[in-house]
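2 protein chains.
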Amino acid sequence: MKSQNGLPRLSAVELAAVSLVRKMGPLSRTDLAELLDLSRGSVTTIAGNLVELNVLTEVGHGKSEGGRRPRLLDVNSGLGFIAGVDIGATSVDLALADFRGEILERRSEPADVRDAPTQVLDRVIDLITNMLARQGAIEGDLVGLGIGVPGPVQFPSGLLIEPPLMPAWDSFPIKDYLRQKFPQVYPAVDNDVNIMAMGEARVGGGKEIENFFYIKIGTGIGCGVIARREIYRGCDGTAGDVGHICVDYNGPICHCGNAGCLEILAAGPAIAKRGMVAADDGKSKIMAKRMENNNGKLTAEDVGNAAAAGDQEAIRIIAESGRMIGGVLAGLVNFYNPRAIFIGGGVSKIGHHLLSTIRQATLRRATALSTRSLKIDYSKLGDDAGVYGAIWLAIENVFVPA
Amino acid sequence: MKSQNGLPRLSAVELAAVSLVRKMGPLSRTDLAELLDLSRGSVTTIAGNLVELNVLTEVGHGKSEGGRRPRLLDVNSGLGFIAGVDIGATSVDLALADFRGEILERRSEPADVRDAPTQVLDRVIDLITNMLARQGAIEGDLVGLGIGVPGPVQFPSGLLIEPPLMPAWDSFPIKDYLRQKFPQVYPAVDNDVNIMAMGEARVGGGKEIENFFYIKIGTGIGCGVIARREIYRGCDGTAGDVGHICVDYNGPICHCGNAGCLEILAAGPAIAKRGMVAADDGKSKIMAKRMENNNGKLTAEDVGNAAAAGDQEAIRIIAESGRMIGGVLAGLVNFYNPRAIFIGGGVSKIGHHLLSTIRQATLRRATALSTRSLKIDYSKLGDDAGVYGAIWLAIENVFVPA
Numbered sequence: 270m271k272s273q274n275g276l277p278r279l280s281a282v283e284l285a286a287v288s289l290v291r292k293m294g295p296l297s298r299t300d301l302a303e304l305l306d307l308s309r310g311s312v313t314t315i316a317g318n319l320v321e322l323n324v325l326t327e328v329g330h331g332k333s334e335g336g337r338r339p340r341l342l343d344v345n346s347g348l349g350f351i352a353g354v355d356i357g358a359t360s361v362d363l364a365l366a367d368f369r370g371e372i373l374e375r376r377s378e379p380a381d382v383r384d385a386p387t388q389v390l391d392r393v394i395d396l397i398t399n400m401l402a403r404q405g406a407i408e409g410d411l412v413g414l415g416i417g418v419p420g421p422v423q424f425p426s427g428l429l430i431e432p433p434l435m436p437a438w439d440s441f442p443i444k445d446y447l448r449q450k451f452p453q454v455y456p457a458v459d460n461d462v463n464i465m466a467m468g469e470a471r472v473g474g475g476k477e478i479e480n481f482f483y484i485k486i487g488t489g490i491g492c493g494v495i496a497r498r499e500i501y502r503g504c505d506g507t508a509g510d511v512g513h514i515c516v517d518y519n520g521p522i523c524h525c526g527n528a529g530c531l532e533i534l535a536a537g538p539a540i541a542k543r544g545m546v547a548a549d550d551g552k553s554k555i556m557a558k559r560m561e562n563n564n565g566k567l568t569a570e571d572v573g574n575a576a577a578a579g580d581q582e583a584i585r586i587i588a589e590s591g592r593m594i595g596g597v598l599a600g601l602v603n604f605y606n607p608r609a610i611f612i613g614g615g616v617s618k619i620g621h622h623l624l625s626t627i628r629q630a631t632l633r634r635a636t637a638l639s640t641r642s643l644k645i646d647y648s649k650l651g652d653d654a655g656v657y658g659a660i661w662l663a664i665e666n667v668f669v670p671a
Numbered sequence: 270m271k272s273q274n275g276l277p278r279l280s281a282v283e284l285a286a287v288s289l290v291r292k293m294g295p296l297s298r299t300d301l302a303e304l305l306d307l308s309r310g311s312v313t314t315i316a317g318n319l320v321e322l323n324v325l326t327e328v329g330h331g332k333s334e335g336g337r338r339p340r341l342l343d344v345n346s347g348l349g350f351i352a353g354v355d356i357g358a359t360s361v362d363l364a365l366a367d368f369r370g371e372i373l374e375r376r377s378e379p380a381d382v383r384d385a386p387t388q389v390l391d392r393v394i395d396l397i398t399n400m401l402a403r404q405g406a407i408e409g410d411l412v413g414l415g416i417g418v419p420g421p422v423q424f425p426s427g428l429l430i431e432p433p434l435m436p437a438w439d440s441f442p443i444k445d446y447l448r449q450k451f452p453q454v455y456p457a458v459d460n461d462v463n464i465m466a467m468g469e470a471r472v473g474g475g476k477e478i479e480n481f482f483y484i485k486i487g488t489g490i491g492c493g494v495i496a497r498r499e500i501y502r503g504c505d506g507t508a509g510d511v512g513h514i515c516v517d518y519n520g521p522i523c524h525c526g527n528a529g530c531l532e533i534l535a536a537g538p539a540i541a542k543r544g545m546v547a548a549d550d551g552k553s554k555i556m557a558k559r560m561e562n563n564n565g566k567l568t569a570e571d572v573g574n575a576a577a578a579g580d581q582e583a584i585r586i587i588a589e590s591g592r593m594i595g596g597v598l599a600g601l602v603n604f605y606n607p608r609a610i611f612i613g614g615g616v617s618k619i620g621h622h623l624l625s626t627i628r629q630a631t632l633r634r635a636t637a638l639s640t641r642s643l644k645i646d647y648s649k650l651g652d653d654a655g656v657y658g659a660i661w662l663a664i665e666n667v668f669v670p671a
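Going down the list, the protein sequences come from chains A and B.
Using our numbering, the final residue of the first sequence is 671, and nothing's skipped along the way.
Using our numbering, the final residue of the second sequence is 671, and nothing's skipped along the way.
It should be emphasised that the hints constitute simulated quantities derived from the structure, not laboratory data.
Zero decoy hints are in this set.
In silico lysine to any residue, SDA-like type, Cα no more than 20 Å apart, as pairs:
1) B:K332 / B:P295
2) A:K450 / A:T387
3) A:K476 / B:C504
4) A:K618 / A:R585
5) B:K476 / A:C504
6) B:K644 / A:C504
7) B:K649 / B:E477
8) A:K618 / A:G474
9) A:K292 / A:G474
10) A:K644 / B:C504
11) A:K542 / A:M560
12) B:K542 / B:G615
To spell it out: a stretch of chain B is covered by chain A in this simulated footprint if at least three of its residues, at any positions, have a beta carbon under 8 Å from a beta carbon of chain A; those stretches are:
13) 501 to 515
14) 592 to 603
Idealized CB from N, CA, C, for every residue including glycine.
My request is simple: use the sequences and hints to build the entire structure.
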């Protein structure tokens, strides 16, 4: 049976076979039978079918274990192209990959999500079409398309629900719009932190980890949650919304309407604001000078630079954010018992003080049992986590549209 | 292939078929083929095999859809007996069930987990053996045994790790000990809150819910986490340890060594202590009188009774605990986006004030999106959540020993 994307509709057990081959590299039919807990005969039928459909392909022979050397199966990289798109507040990152997830071309350019969705998405469509053309391919050769957006997404519909950064996108039918250009594709849309966690899970530091957090620290603070190697979205797609966990009931009012949310107290703008106050109060010459040269403004990055230059006030300001973030993470570690926490996002780059205070605060306050094997580190993929995650979200939705 | 418990070792797809039949009641082969996404031929083979192994049994005919009325398959309740054991700090609850999870006999008696594990487990073994005898069965007829214990359990080994309430049980090989008596059984051991959540998931208020919390409020505060209908244990089996989330960095020192844990500030003993302070301070005549009649002591239940009688101070004390619990839950709701929170445990019975303040505090502080469809209510199973959960943990481990 062929589905609309020109690719076969696979049965549950065929899908299981394909994802095993993806995950574990070239496998023999005997390997597959063992891993799937099926008879050799059933696997021969399944594999034969997948090879005939061009989903799997023979890639030479494995080691002999006494008899004939077994033929090995791998995913057919040439089955079609996959596009991964990571839309940020002020930029769009894209990559075109083959069917095995190897990136063929990577692009990045400024964008503004406050623009109309059609404007941003038209540009995305153009960029994808151009990347396809450079591979000698046409629109019809695209088989998967994954997109991350900076706002709350209802999964699987892919609709943004009251997104604060991009109100024009509220309930805009992103998938339908993209399918006008790529009718053969089932796009998968998720929020940006989820796809970053997905990237980390499939090709980053989380490859061997069952359960972990990806924390993005930028203008806001968000968390992608991986449970049993899959994105955990919760019941309405809002899981991981850690930025609005309360750290101070008497704190300042957040844009969400509540007082003392982690985000309003610890994210980039809070660091910048505390830096400006310190500069105004004469507590930091470095930051005061930087502010003078910058129209009376500081960014979190400026505070990070001052900390790197040894400015004690800047170090203190960053440590304050780190302690608040670590305090919230400690509670979540008790609750979730993850194996790792990966930190990413623009503000994570402001120097090692932030990471080290997050680490300290988390380890100090979480229980001994839950932190015994806990690793807290930077994202292994850096700025590529989003596009990789978008690619893998697309790949895993090719045969089972979300 | 037969495994040690005398039951067949099932393949992945056979297991999937059995659990579908368990979940969805009697099913025809056609239903199964659709639900498993397999060909009618494959399902006929699988079902034939399961019937021959006595795991499934024919139970009459379904409605005709034009042709012959299809034969229906159900789980064979007579395949063997299942015991569910819920060991509490001061009691042990047991039940014997048939293979479909229907309880045949239920027992409850005082116990003390500070006793040696051999002493407590010998009594458990006696009780199970007697229950089997009353069904006309012998030890060898037991095929599944699930146990909940009030401490941190390493799953799947079933070892308690530094359990504060039951130090004599530290790393005691519970499973091996039980198998000396029931060598054919693979016991499954988990912590008490996890099995309560399991009970709620399989036969309680969580039957139709993908993701939820079960909160047990007693001497401590614990949480069983259900993710995609299964117990979520985290990477080391410690998930759900919400009692040690910090609510006040300057609070009293908890037995875990940290300051201001939820448990030390909001659980039963904290409610009792605040009640005694209020009585001493002349703020509550009802509680002062009760304390006088009770050797100068109050329990959380006493405070609950005073609140039920309209004592404003008792109501205030309970509301304080509810607000702290709700504040922590609000953060966890933002993070996890569950569909429901079920409240159980001894202290949950002290009257509606606790539940209503938990509800208010959670809904006020969690984000609008994550609470839109959130339900917060008492456990539907009450004191039976543990034994039901132990039974279902056992049932689901019969064919795939943990």
